[in-house]
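Once you've looked at the hints, dock chain D against the given chain U.
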Amino acid sequence: MSKATNNMTNQKAVSPQEKAAFFAEFNNGLHRIGRITLVLAVIMLVSVPFIVGAMNGVMPDMKGFLKGFATVGLIYIPVAIVEFLVYTPMLGVGGSYLSFITGNVTNMKIPCVMNAKDIAKTEAGTPEHEIVSTISVAVSAITTTLVIVAGVILLVPLQPILQAEALLPAFNNVVPALFGALGLKYFLKSPQIAVVPLVLMSVLCIAVPAAISQTSLLLIPSGGLALLIGYLLFKKGKL
Amino acid sequence: MNSYLASVNAGYFYGIVALVLAFITGMCLIFCVKSYRAGVAIGMEEKALRKVITSSVMFTLLPSISILLGVIALSGTLGVPLSWLRLSVIGALQYELNVAEIAAQGVGLSGLNLAELNIGAFVTIALVMTVGILGGVFCCIFFLKKYMNKLQGGNNQDATQDENKEKKPSFGAHATTAMFVGLCAAYIGSYIGKVMPGGGSDWMPLFVAGVAAACMAVFEYLIQKKQYLALENFSLAASMLVAMAAAVLVNLAI
Numbered sequence: 010m011s012k013a014t015n016n017m018t019n020q021k022a023v024s025p026q027e028k029a030a031f032f033a034e035f036n037n038g039l040h041r042i043g044r045i046t047l048v049l050a051v052i053m054l055v056s057v058p059f060i061v062g063a064m065n066g067v068m069p070d071m072k073g074f075l076k077g078f079a080t081v082g083l084i085y086i087p088v089a090i091v092e093f094l095v096y097t098p099m100l101g102v103g104g105s106y107l108s109f110i111t112g113n114v115t116n117m118k119i120p121c122v123m124n125a126k127d128i129a130k131t132e133a134g135t136p137e138h139e140i141v142s143t144i145s146v147a148v149s150a151i152t153t154t155l156v157i158v159a160g161v162i163l164l165v166p167l168q169p170i171l172q173a174e175a176l177l178p179a180f181n182n183v184v185p186a187l188f189g190a191l192g193l194k195y196f197l198k199s200p201q202i203a204v205v206p207l208v209l210m211s212v213l214c215i216a217v218p219a220a221i222s223q224t225s226l227l228l229i230p231s232g233g234l235a236l237l238i239g240y241l242l243f244k245k246g247k248l
Numbered sequence: 028m029n030s031y032l033a034s035v036n037a038g039y040f041y042g043i044v045a046l047v048l049a050f051i052t053g054m055c056l057i058f059c060v061k062s063y064r065a066g067v068a069i070g071m072e073e074k075a076l077r078k079v080i081t082s083s084v085m086f087t088l089l090p091s092i093s094i095l096l097g098v099i100a101l102s103g104t105l106g107v108p109l110s111w112l113r114l115s116v117i118g119a120l121q122y123e124l125n126v127a128e129i130a131a132q133g134v135g136l137s138g139l140n141l142a143e144l145n146i147g148a149f150v151t152i153a154l155v156m157t158v159g160i161l162g163g164v165f166c167c168i169f170f171l172k173k174y175m176n177k178l179q180g181g182n183n184q185d186a187t188q189d190e191n192k193e194k195k196p197s198f199g200a201h202a203t204t205a206m207f208v209g210l211c212a213a214y215i216g217s218y219i220g221k222v223m224p225g226g227g228s229d230w231m232p233l234f235v236a237g238v239a240a241a242c243m244a245v246f247e248y249l250i251q252k253k254q255y256l257a258l259e260n261f262s263l264a265a266s267m268l269v270a271m272a273a274a275v276l277v278n279l280a281i
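As they're listed, the protein sequences go chains U and D.
The numbering used here puts the first sequence at residues 10 to 248.
The numbering used here puts the second sequence at residues 28 to 281.
Chain U extracted, bound-state conformation:
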């Protein structure tokens, strides 16, 4: 065990062998609970649209679902695999199960774990780090849930204001607002990747106006092109 890790442990209590055996058993327990609870959570989450549909006498349109999912899957399944491979070593076993079900992994859970690791002075791969990261992710998720619950309670009485006719342009333009802000952030991050897809997509939408309403299809060539340019730049060592 490292000097840093020793700082936060009481050395009288456990021998390294006992600790290793205990930790292996502890991790197996986390895997067992993690898998069971994740499966149950997935069932609950997927049931929600069906329950709401049943309450209103409608069901999800499977053709529309498959059409939407084909595009979404193409973009987000590779992202999910990359995130899984990159982030789980930082999050540890318990932290990974919790982070991937509670979300906001990159913008909240990873920084929170890094912060907790710095405070507790643990090193990745040690039992202490595993414990600290699980606690920090769990506490972070609970805190977020409570803050949002409080916000939602406050939001309910504001419903009539939020649904006022005058606010319609705001909510009808929530997607452009997102991609304007996000676009600037990502374009600044990788301007050499951004130029070609941005120019090509703009020219395409000006030349073929019918393409404008098919943004979900445009994402595929645009994303593919950006990936290709990124890969070529990476190979040349220019990223």
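It is possible that part of the hints are untrue.
What the hints assert, rightly or not - Below are the EDC-like pairs computed for lysine to aspartate or glutamate, each with C-alpha atoms no more than 16 Å apart in a straight line:
#, chain 1, residue 1, chain 2, residue 2
1, D, Lys172, U, Asp127
2, U, Lys198, D, Glu247
3, U, Lys28, D, Glu247
4, U, Lys126, D, Glu72
5, U, Lys130, D, Glu72
6, D, Lys78, U, Asp127
7, U, Lys130, D, Glu247
8, D, Lys61, D, Glu73
Hints are computed from structural coordinates only; laboratory data are not their basis.
These numbers come from a predicted model, not from an experiment.
Relative to the frame of chain U, chain D by itself:
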């Protein structure tokens, strides 16, 4: 209130969401308690563990408020309960909105437009949003144990070798950035196309995107150059809300 908004903000829907979130919060509590006890059992100081808890609460408070702003942004079109659920579990604002837009087009709408949305389209959109984000969860269910065992085994066997071996940089992190650059390029390109007479001469989406980008540029300047790092958590949601407010003001003015 129109019938669509009444349906997506129904009381029972809040109850369902509360139930799902209670389950996931319970899961977090179990992991937290188990880990805390394990920490004590292997000799970690309780004082240090409590410090981790306090610092994690403090660290999360501000970003959580920014997620709440995201709930407000989403709630106008998808209602409060679904926005609450989607931003409390798995997703993040940028994912949810993008997927909702793609799913809306999948069911034949022009996009997330209140005038076109109906409860049938809503449940399909909600299903695409839910299933589309499950990739990471399925990876955890099926591969986490094997992957972590491999990593931990590898760490033990190759510890000395790894210390001497230089890490090869991978394209993985760049791939995600490139993918998002392509995604943003497609949307911004479509807003530029909309301004043209052939695209309907609708300049509002490009205007809103421009205001959001300008606002984000200010945030980026303050974060990168002036080191106001706390703003990072708010930059996206705040830029969006400013741009959305600008849309309302411009619409009132013209």
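Going through the hints against the structure:
1. Lys172(D) with Asp127(U): Since the Cα atoms of Lys172(D) and Asp127(U) sit roughly 26 Å apart, the hinted pair is violated (cutoff 16 Å).
2. Lys198(U) with Glu247(D): 11 Å, holds
3. Lys28(U) with Glu247(D): 46 Å, violated
4. Lys126(U) with Glu72(D): 15 Å, holds
5. Lys130(U) with Glu72(D): Distance of about 12 Å is within 16 Å: holds.
6. Lys78(D) with Asp127(U): 11 Å, holds
7. Lys130(U) with Glu247(D): 30 Å, violated
8. Lys61(D) with Glu73(D): Since the Cα atoms of Lys61(D) and Glu73(D) sit roughly 14 Å apart, the hinted pair holds (cutoff 16 Å).
Checked against the numbered hints above, the structure breaks hints 1, 3, 7 and satisfies the rest.
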